[in-house]
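S.K.: With the hints as extra help, turn the sequences into a complete structure.
2 protein chains.
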Amino acid sequence: MALDRELFESLCIRAREAMLLHSAADALEWDERTGMPIAAGPYRAQQVSTLRAKVHRIRTDARYGEDVQRLMETAGDEDPHGDVGATVRELHRDWNRDRKLPETLVEQTAQATVRGQQAWDAARKADDFGMFRDTLHTVLQLKREAGERLSEDTDQTVYEALLDEYEPGAKVDEIQRVFDEVRTPLVDLISQIKNAPRQPDTEAIERTFNIDRQRDFSHHVAEAIGFDFDRGRLDVTSHPFCTTLGPDDCRILTRYDPHWLPSGLFGTLHEAGHGMYEQGLRGGEWFGLPPGSYVSLGIHESQSRLWENQVGRSRAFWDWLFPQTQQAFSPELDHVSLDTFHFAVNAVRPSLIRVEADEATYNLHILIRFDLERRLIEGTLSVDELPSAWNERYESDLGVRPDSDADGVLQDVHWSAGLFGYFPTYTLGNLAAAQLFKAASDHIGDLEPMFARGEFRPLLDWLRERIHYFGRCYSGPQLVGQATGSPLSADHLVTYLRSKLEPLYGISPA
Amino acid sequence: MALDRELFESLCIRAREAMLLHSAADALEWDERTGMPIAAGPYRAQQVSTLRAKVHRIRTDARYGEDVQRLMETAGDEDPHGDVGATVRELHRDWNRDRKLPETLVEQTAQATVRGQQAWDAARKADDFGMFRDTLHTVLQLKREAGERLSEDTDQTVYEALLDEYEPGAKVDEIQRVFDEVRTPLVDLISQIKNAPRQPDTEAIERTFNIDRQRDFSHHVAEAIGFDFDRGRLDVTSHPFCTTLGPDDCRILTRYDPHWLPSGLFGTLHEAGHGMYEQGLRGGEWFGLPPGSYVSLGIHESQSRLWENQVGRSRAFWDWLFPQTQQAFSPELDHVSLDTFHFAVNAVRPSLIRVEADEATYNLHILIRFDLERRLIEGTLSVDELPSAWNERYESDLGVRPDSDADGVLQDVHWSAGLFGYFPTYTLGNLAAAQLFKAASDHIGDLEPMFARGEFRPLLDWLRERIHYFGRCYSGPQLVGQATGSPLSADHLVTYLRSKLEPLYGISPA
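If you read the protein sequences in the order shown, they are chains A and B. Sequential numbering of the first sequence, starting at 1, is according to my numbering. Sequential numbering of the second sequence, starting at 511, is according to my numbering.
In case anyone wonders, no lab produced these hints; they're calculated from the structure. Among the hints, erroneous ones may be present.
What follows is a set of in silico ranges between Cβ atoms, one per label pair, in the way DEER data are often shown [as the list claims (entries may be wrong)]:
id : chain 1 : residue 1 : chain 2 : residue 2 : range
1  : B       : D849      : A       : D212      : 32 to 40 Å
2  : A       : I353      : B       : I863      : 55 to 63 Å
3  : B       : P833      : A       : H414      : 49 to 57 Å
4  : A       : S351      : B       : G551      : 40 to 48 Å
5  : A       : D235      : B       : L615      : 37 to 45 Å
6  : A       : Q141      : B       : E576      : 43 to 51 Å
7  : A       : G41       : B       : R723      : 27 to 35 Å
8  : A       : I444      : B       : G551      : 33 to 41 Å
Quick reminder that beta carbons are idealized off the backbone N, C-alpha and C, glycines included.
M.R.: As structure tokens, this is what we get:
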């Protein structure tokens, strides 16, 4: 039986209406995080939850379920990676997850995570894990229940069913395999760096940098690498993010530290990388449907990290940008050399805080969280045991031990918001970024002379054609495989870091 | 039969849901006018129209109509000005208007007015009324049809049925009576001013004023008179307005002219006046329901004009603010005297453009539009005859004749947007502002020494208690009558203007 095109169109219309309301709610949340009056929160929460409830209702009503199942049953003749075939498969996938979660559980979780984030915020400020303990326990139980329900009729574990939300189809064993591959060489490299003959001097990037000039300069850099300001904007917020409010409306947000230049600059490169992925997705009739949606958080993060690190921390990039940077921040950077500056923005130092971590140590922060959150979900680690387990792992893996919970287990918002299964996507993104960048260099030719001239379009076009264009028509691993010719591996990240950091630190190659 | 409380609550719940969606659409429109990326317009229009359609559907569905009618039939025992009685009456009123407009007419009008505003914008830029003619004709026909339908089963004329949207219950004869009362003394005063022995020197307020400093100063002034920035914000836009996105979320917008200080300053006072009315309405369960909604555009305008003019152009206000103004705009205002400055911001000069008009001539601009738009709706003036009718009236009423349609009939957006019946509310607001201010002075005592100390709270509290608190529980004329002890009259505006302008211009009182 062939696929009923009229029914397909009718389903797309409903999915598009859900997206209109979903993106309207996202717009309200963007406003909430950029300058909404302080007292406006409670009503804004009502507006957003009313819209989210309407989206959920469209996507789970009985007729929608019947239609998406009927289409799935008759989609056999469609190219599974064509727009129609992929739309049916992915809408069915989404529905099949949504339908498993009863509305009461969705509501309880929404309330518990709002309270969880409030309790987390208060506990972090008071540096008292005890204030967070009970709400974390509640959130954990609700997410475990969700994972149990989502894993029904699948071959997924409870944790995998949660992970699947962010990284569709990912298996813990496979993630564990690449994470194991990356751990030993990273620990080895970090240890060599610690004892290396040369060390960076970061004093120059810790001077006082005017916020307005940082903002103007970040705008310039984002535009130069390819973020389209006719179809997006850059704003200031306390917790940087990227959100898409329409096919031609991508909002990126960063923050500026007057005494730490990298914060705003690399934060902008990172968010612009996310934004250029969103801007490279197909709009028009496919906006918000699977062919025009991002495929996974790992792939999303690969785009942000590639522009932040492989591009933004390369020597060629600073050959181009450093003279302009000196001009923008004169007299602060007047007598700083390019060598000093480039080494400073590539400084590697084991530290307590993930979001401030360098490229090499960053993944160790993730590996700790991946292990701990699996044990929390599996029930082999209790909430009460979490703080000491955290501190022990930091001591053994990074050689630093938090003095306080605020700088330890309370530093990230994720678990309070119920985002179990989210952390590993950061390292998957780092691995994919290195692998994609290597493949792009092999295909396009030497990228460094281009960067040194401020030419980023060839790289962006390569990513557009091989990753962005396809949306969810292929899976994340399929896209990486097709673009690079091999499955995701840890080798590229390790090779990339070694080839950059060994010369900087004066380490003899192994 | 007593009013069914459960049914009443159920209706309120539906009305509140409509308000949640309505205010979400307003938030999207605020964003559209403050910084949305340029290419994002088409999708934003879809988001807004989807939300507006949902609001319309809630407010006109069959069950809603039955329930509001049943409540109206059983509301006889309720205090008509109590919250419950007023809610039933006003929701019934709104429904009774909405139900008369078929969805096709609403959609056609929405499309025609979007096209109308685009055609108006293009025609104004090209200074060519011919480019606007056809779309204006279409909009006019659609609004005439709406007026005809709305006037069915009422004692209203077609024009009054349109006016009723903005000024509920207003009758043309009554408006004409007060407008006639105000016209002769104003024309007389303007003529005396033209030949007066003293004339203002506005050179000091036409110097170059830094935009950032204007913005900071406007923020300070808005806060000082009572706009609550915990529950609102002030932004920049090309066409100033005020919008309310929630019970604690009022957004006011203004624009700054580097060579005309009054633009940003009095624009801010004006919008803050609108904003303080919105912030004075009751929130909580009444937000968006009649007890927590503004009563009419005339009353809304009375609040903005009162703060802009009766307060903001008074001598006592500048006794307080001028030293700070000189400090904020130094060296520009260093050697300017308070006398010169105060006279400059009260300069009266007949001109072509309404939005730039002074207090005395402003109402003559409105009277022209009120006459012309009634004749357009009645069919006694054709679209083709409009430009010359406009120019003739400017010559006879204000003594100035437009050289171009751009500075004449094309200057205002209103008719292109279908806003027939909107203009008279501006002058109704000016009349009410003068009358309310006089009553407030009589009740509170001499306001001038308070203003000279920067004390505005007694005046704001007086307005809160007598106007803001009641929302739509009384009509606009009822509120003015209760607060001032007499029906709306032109005398107070004329007396106010004479008592301020005669001494400034050195005119001997009549």
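S.K.: Next step is simple, just say for each hint if it's right about the structure.
M.R.: Against the structure, the hints come out as follows:
1. B:D849 <-> A:D212: 32 to 40 Å: 38 Å, holds
2. A:I353 <-> B:I863: 55 to 63 Å: 57 Å, holds
3. B:P833 <-> A:H414: 49 to 57 Å: 53 Å, holds
4. A:S351 <-> B:G551: 40 to 48 Å: 45 Å, holds
5. A:D235 <-> B:L615: 37 to 45 Å: 40 Å, holds
6. A:Q141 <-> B:E576: 43 to 51 Å: The hint (43 to 51 Å, Cβ to Cβ) holds, given that Q141 (chain A) and E576 (chain B) are roughly 45 Å apart.
7. A:G41 <-> B:R723: 27 to 35 Å: 31 Å, holds
8. A:I444 <-> B:G551: 33 to 41 Å: 35 Å, holds
Against the hints set out earlier in the document, no violation occurs for any number.
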